[in-house]
Structure formats: structure tokens, C-alpha cells
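Residues per chain, in single letters:
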Amino acid sequence: MKQMLQVVLIASVFVALCGRGQAASVKRIDALVREKQTQTGFPPSDICSDSVFVRRAYIDVIGTLPTADEVRRFLSNRNLNKRAELIDELLQRPEFADYWALKWCDLLRVKSEFPSNLWPNAVQAYQYWVRDAFKHNMPYDQFARALLTTSGSNFRDAPVNFYRPFQERTPRKIFDTVALIFMGVRLDKFGWTEEQMLGMDAFFAKIAYKKTAEWKEEVVYSDPEKKMIHPVTKEEVRPTPLGGVPLNLDPFADPRIAFADWLVAPDNPWFAQNIVNRIWFWLMGQGIIHEADDIRPDNKPWSPELLAYLRKELVDNKYDLKHIYRLILNSDAYQYSSIMTPENSGDIAGFSHYRARRLDAEVLIDAICQITGTGEEYSSPIPEPFTYIPASQRTVLLADGSIKSQFLEMFGRPGRDNSLESDRNNSVSVFQTLHLLNSSHIQKKIMNGPRLRKLMTSCQGNPERVNLLYLEILSRMPAPQEQKIALDYMATAEGGSSAGFYDLAWALINTSEFILKH
Amino acid sequence: MNAKTVPSLSITRRNALRLGMVGAAGMMLPNWLATKAAGALDPLKAKAKSVIQLWLWGGPCHLDTFDPKPDAGYDYFGKYDKPVATNVNGIRIGQELVKLAKMADKYSLLRGMTHGNGGHETASYMVMTGNKPADGIVNPSVGAVLSYKKGYSAGYTGLIPPYVALTKPQGRFSEAGFLGAKYQPFSTGGDPAKTPFAVEGVIADGISDERQQKRRELLGNLDTFSRTLEGQQIIEKMTKNKQDAYSLILGEAKNTFDLSKEPEALRKAYGQHTLGQSCLQARKLVEAGVPFVSINAQGWDTHKKHFEMMSQMLPQLDSALSTLLQDLSDRGLLDTTIVWCGGEFGRTPKIDWSAPWSGGRSHYGKAFSHLIAGGGFKGGQVVGETSLRGEEVVSRPIYPWDLTASIYEQLGIDPNGALPTPDGKLAFISPLADKTVKIESGGLLREIM
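In order, the protein sequence lines correspond to chains A and B.
Note that my numbering has the first sequence beginning at 1, numbered continuously upward.
Note that my numbering has the second sequence beginning at 1001, numbered continuously upward.
Possibly wrong hints are sitting among the right ones.
Claimed, not checked - Subject to a maximum C-alpha distance of 25 Å in a straight line, what follows is the list of computed DSS-like cross-link-like pairs (lysine-lysine):
#, chain 1, residue 1, chain 2, residue 2
1, B, K1366, A, K216
2, A, K173, B, K1438
3, A, K484, B, K1214
4, B, K1182, A, K103
5, A, K216, B, K1304
6, A, K234, B, K1438
Stated by the list, open to error - Just the calculated beta-carbon pair ranges, DEER-fashion:
#, chain 1, residue 1, chain 2, residue 2, range
7, A, A24, B, Q1213, 53 to 63 Å
8, B, N1255, A, N77, 51 to 61 Å
9, A, E225, B, A1355, 37 to 47 Å
10, A, S427, B, D1191, 23 to 33 Å
Note that these hints are calculated values from the structure, not bench results.
In this text the structure is predicted, and so the values were computed from the model without any measurement.
Glycine included, each C-beta is placed from N, C-alpha and C at the ideal position.
With the hints as extra help, turn the sequences into a complete structure.
Laid out in C-alpha cells, this is it:
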């Protein structure tokens, strides 16, 4: 009943807020998801509570833990459509661009050193460009086109770096990466013939590189002299789109442009499908096609209709990525509780509940830094003299995958070596547990962090301290039983209630409720 | 590059194995199992159980250490014109290494090391993984391979992780490579030369066991969410991890990290510095059954002030390494423990006297030296030879993959075996196994195995 009521409430919210068009689209997604749930026999969990939703939305959309104030503001908001409002607000936050640039820099293998070898100046320019594209919500077709067709300097024309992080700069290696990133296809698994792949390689056969007088500067350009030669017939291979005929391009034309034309065309079967499936995967933890970067005929989508619908929404809305985020975030499927019911506990591939999963390495350390008011220190040994990143900069903004920390490695930050989604490892390990429980790194943040200390001294009385700690760390108020446990501990703690307060912060940071998004 | 695509499915299984890769998903599992079976040497034949890697980060100069060139002239040997004779006839080493000179029968010198690369990150990658760089695949370091082959999935039950880095990870690339985070080294942090050695996550300075217990209880009481989501896989795992973590924090294993109970004389002999105490710590870890310990000794990238640095660092290396070898030997551990010492490359034989280097040495990948001892490797031998001035290898080259494949074999790991990559392919442990690719090689170190 409660669930029904919430569904009705949320449905009415959309009509009120986002206009009939969008509400109808969300409704359609809900209907397609429910249809599939009925088919598979896994009924959904309840819609999650407001305090669960606010934390989940902040973390998923902007990679940031909400502050106590932000949680309070949301919880006390009486507007019926406050979830949709929050989603809109988060999509406009600068952190949205920061967080999604991080994901894209993973795919684009943005790092200075081995094996990408982009070099620090190029890394900075590249990450800035990607972030800027998300900041201005650059339509996705333009985004892909810029990455695929730009010529110029790695320092000045940032998207050219797309063609640089390769140990072997061959047309096949490049097409392999293009197919993986923009089509979600692994060349060796899809089953295209060698001839088909050669025809695609030919689009990248004229890419050339040259050095300039500036140290480590490199110009990427199209060289009309270069040709793709067939390894057997020794004849020139003309660029040939999959399933199409060889193109008759002007010998002086840059074939990458023809490739981009083919790729971003509204009827291209891969381009839009790949990105809507990836966004679904990023937000839900499971792709409609899973894994999201292993699309092939024998890897069936959970619901082909749902995938097709999202794809059409993207194309019809001029490749506006935020539109897709908005639809998914407003859907029931995104807002289910992570608590499974006896009826849906066997649902592995479907969307009957929200998947509880560990925070990304960067998001987790940023969250701990936010709570404690501390920063992380990163430095790069190249070029000399060393570069030191200011501690005030959030880790999500760390542009260079070659800049490391023990924490980030331990929590599975991707090596940025292969553009695979699985390069990021969000599994849990004993090392991680030890580090959070008992390392001097975390302990120092808790004991010396100015924000926690301020919280300790500025609050009147332990009950208020406990409430605020819960809001800051778990984004909710404590249950009466929890408050009692916390107050009892503080009252009897060795070293007084101040020591007890820091132990309490330590304990909350070590709960699965904090470490997971749920 | 040793993950190759099989061009067609008609290929025989044997060939698919050779290519180190399987085409269709359906074929993957049986082949992988077959490869696994084929790739395992008889573990009874394994001579070594553990490896201590003394990684001289930055690249030590071969002329000043294991391959002195007293006839090359002042511009090459600088102040080190009097190499010291060892207890093995005909072998001389750098003059600062007087303690090591007394035990050359315990180790062999690999003077034919070469790969030709002068970049830290690429050279480190080649030496630590025994692979050449290639696209789309980052191979695991030897330590990660051991962690995979001799760690938890292979019956290792120790609470201390099977791959330990003292005190920091090497960090130029992802050590675990495609094997993934599970096989990364556990970096201790802290400094073993300080008391207590505050191993990150294990030894918390200033928190008593009693307070640990109380905090643990508080956390248990407040972790209501884990009870709400009980039964979900990730929660079960986190709960188990917490138990294991506390077994380490409050249990016996932490004694392994307590150096204060070691005899004072022994601690002194190792040297009262991070390198010396790291070596002592490494011995304790190996004694506790840890298969791979990497000591990342920094500071060897001496472009400037080279000789000033060497007169400080070489005596430290001398005490640390010689005491380690003696200590392992005294405890009967040297027979089963490979001690592997070296860096990613050597340093330019010709000294650069010009400013700003003023007597410095640069990176040199064409010729350099490593030292290897124990675990079935013979001592008292020299493998490979460099030219008069140490500028090139003139006989018996040793490429990084020759060395790593030899190490694997001593450990009972077949270098021709395969490892699973994240995209469902297989990659050979050693590039030498990939017969489809020509790779320079001087062969395994049969002379000393």
C-alpha cells in the first residue's frame, strides 16, 4: 500500500514538474521495466526512503556525499516533486562535470606515463576539455565527433589526444579502441570478418604524428600520402563502413570525418545504443546489455524494448545526455530500495532492487575528506621539478591516472590501461577493511580533521553531536536505539566524551552503510 | 604482446593454447582448465618457496656495484678504482661492498642484463613483469603472479597477504596488471627502522588492544545496515573481511611485524636504517610463509652527486644484503628463498662531469647487473660479460624475461603457463612461451639453476 502510494505520488510529481513530455517518457520506462519484471517473475522492492534517495542521488550523479545541511534541506522540503527537483539541481552542479569527466578519462586512458604516455601538459588539457564538454552539456554526437576528427597539437587541441595513448599506433589498434568506447564492442568477440575490420581500419590509416620544437609536443594530423594496404592482395583498402560499400573519398579528404559521419548518424545501430546502455550501467550497476562494453549478437539485452526506447529518446533529443540521466534517475527502477524481498532475492540480471555497491575509490576518499575537513596530497614526479597538487582539490578532479596513492590503488581505481569498464574494481577486500579500520592515514583524518573538531566543539551536548555525525556521515538521523548506543559509549569512553566522539565518527565511517552506495 | 586472437575456430586446442587465447566464449572454460593443468610444473620439484626482491628504484650503476671496470679509466670508475676481491676466485665487486665480498659463494652476479630502454616506467615494467610493453594489456609483476599462483586461491592461508611491499609500492605502473586489485601488493607504509613499525592498517600506534576491542564492539552495535541487508553477497564479504582484519590486528600475526624482539646485534648487523630493517622484516615475513616480499629501496636515480650518494648508500646496501643472505642461510631458509637484487636499468658508464650533473650518471638500459641468490640458484658464479667499459654486453645477454622465467621455474611455476586477462583471453606468463612472436633472448639461466 505504502509503495503504491509512493508510486502514485512520484507519478503525480512528474506531471507537475517536468512537463508532460518527460513525465510520459519516464512512465514509459517504468512500464517497460514492470513488464519485464512480470515476465521474469521478480516483483520490485519498495521505493527507497527520502534519506536513502538523497544520499544515493548525490553519490551517483555528482560523486559527492551530501553535507548535513543538504540532507536536512531535502528532508524538510515538503514539495511533492522534490526528488525530481533534486535531480535537476544535481545535473546542474559543477561536480556533475567533474565526476563524469573522471569516468570518461578512465575510458580515454588519460595518464601521463606508461602505457598511455600522454605527458602531463596533455593530460591537463585533455581532462579540462572533457570536463568542459560535460559542464556545457555538449551534445554527445559533437563530443564524439570532436574526439574522432580533431587535428592539431596535443597541448593546444586537446581532443587529438584521443589518438595518442597507444603503444602501437596502428589503424587496427585505433579501431579496436574506437569500437570499444563508442560502439561498446570488443573486436575479437563480435565476430566481424577480417575483411570487414580492414575496411574499418582504413578510416584510421591516414593518421600521422609529428614532433614540434616544443618538448613533448606532438601534432596529430591526416597525411594524404598514407594508405591502408591489404596484407594479402597488397592493394589499397578503401574505407568501408560495416555492412556498406567501399567509399570513394577524395584522396585529400580526412577519412576520419567520413567515419564520424557514419558513426553518429541517427540510424547507426551502435552509437546511441552504446551510450544509453553505459549510462544505465553507470547508474544502476548493471547494463541492460551486460557487460556494457561487450555488445555482441549472443549477449542479449535484459529488455530490448527498454534499450531501444532509451536509444530513441537520445536521438530524438539531439543527443542530450542529461536528458537520459534525468529519465533514468526519475524512474522507479532507479529509486527502488536496495533491500531485497523474498520474492526478488534471486534477481541477478534484472532491476527489481537497487544494487548496493562500494563507493568508487575517489568518491570514498573525497567523502572521508569532506566529513573530516582534510585533503589528500598528490604529486607527480614528472616533469621535474615535481608537481604537487593542492590538498584542497578533490580526488575526483585528479586528472592524471599516473598520479597514484596507496588508497586509490587499494580501492580499485582503474589503471586506465585498457578502456574496459572492468578496469575499475569496486569489490571489497581485507586490505581495504584494514585500512579503514586501523590505518594512520584514516585515523589522522578523524583525530586531526578541523571539520570534525569544529563539530565537536560547536555543538551543544552529546545528543546534538550524535545527530550531526549521523547526518554528515550516513546522511540520516540516528534511530533512537542507535542514539542510545552512541550516547552510552560517549559517556563511558576512556578519555572522555571527546574521545568517544571521535570513536563514534570512526565507527560510522566503518559501517557498510557508509562504504556502500545503496 | 602475448594475448593473441585466434584467427579462426578451426584451430586445434593445442594451437589455441600456444596462442594463449581462446576465440569464443563457449570454448573458454575447458581450454582454460586444460591450460591450467598443462601450465603447472610439479610443485614437488619447486626449489624455491619465496622471493625477496630488493628493488633498487632508480637504477644502480653496475660499474660501482656488481660489475666493476678498473681498466676503463677515471671517467668511468671515478673514485672507485679499487674493486674488492671476493671469496670466490676471480670475482671482484665494487669496493664499497666489502661484506658482500666475503660471501660471493652464496650468490651469483648477472652481468649480462640488458633491455636497451632508458625510461624509468618502461624499464621498470620490463624488469618487474618480464614482458615487453604492448597495447591493451598490462602484465602483472612477478610478485602479483606469485600472489595468484601461490596465494589464497592456491591454498595459502596466512593472514598476512601473500605479496608484501616494504614500505611503498613501486608505483610506476599497476603491479597487479591485468590480474586486478586482488593481487596487488600489500604496502606496509610506516618505517621498520622506527619502533613500533606502524604497518598501515595492522599496527596502530597509540591505540591499545583494549580500546581496539571497545571500538570493535561499538562498530558491531552500530552497523545496523549490515543486518538489514544480511544475506547479500557484498555484505557477507564485508563481514568476513572485518573478522579477518581483526584477527590480524589483535592476533598473533602482528608479532611478525614486531622487530623489537629480534636480537639487538642482528638488528645492528642489518643496519639501523630503513633498508637494513626492511631486509630483516623481509626475512621474518618469509619465515612466516609469505611468498613474495618486495623491498622498494629508493634513491638510486643519481643524476647528480652520484659518488656522494654512493658512499652513503652502498655501505647500507652492503650491510643489509649481506646480513640478509647470512641470516637466511643460518636459518636454513636460503635454499628455499630467492633473493633478487637490482633495479630497472644501470647507469651511464661514462661519468658526466659537466654542470649541472657535476659527476653524475644517467639512465642506462643497454647493460646492467643484478644479483641473485638462493632458492636453487647456484652461488659463486658470474653470468654474462660486458665490454671493457661496461657499455655493452659482449657475451651471454640476459633479458628481463630470461631472468623472470628462470625465477618462475625455480618456484615450480611453468613460464609457459597462462594467466586469465579481464577480457576473457589468456596471456602467457612469459613472452618466451609465445612461439608466434620473436623476442630477443639469451635463454634461461641454466648455468646457475
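Consistency of the hints with the structure:
| no. | hint | result |
| --- | --- | --- |
| 1 | K1366/B - K216/A | 24 Å, holds |
| 2 | K173/A - K1438/B | 20 Å, holds |
| 3 | K484/A - K1214/B | 16 Å, holds |
| 4 | K1182/B - K103/A | 22 Å, holds |
| 5 | K216/A - K1304/B | 23 Å, holds |
| 6 | K234/A - K1438/B | 24 Å, holds |
| 7 | A24/A - Q1213/B: 53 to 63 Å | 58 Å, holds |
| 8 | N1255/B - N77/A: 51 to 61 Å | 55 Å, holds |
| 9 | E225/A - A1355/B: 37 to 47 Å | 44 Å, holds |
| 10 | S427/A - D1191/B: 23 to 33 Å | 30 Å, holds |
Hint compliance for this structure: no hint is broken.
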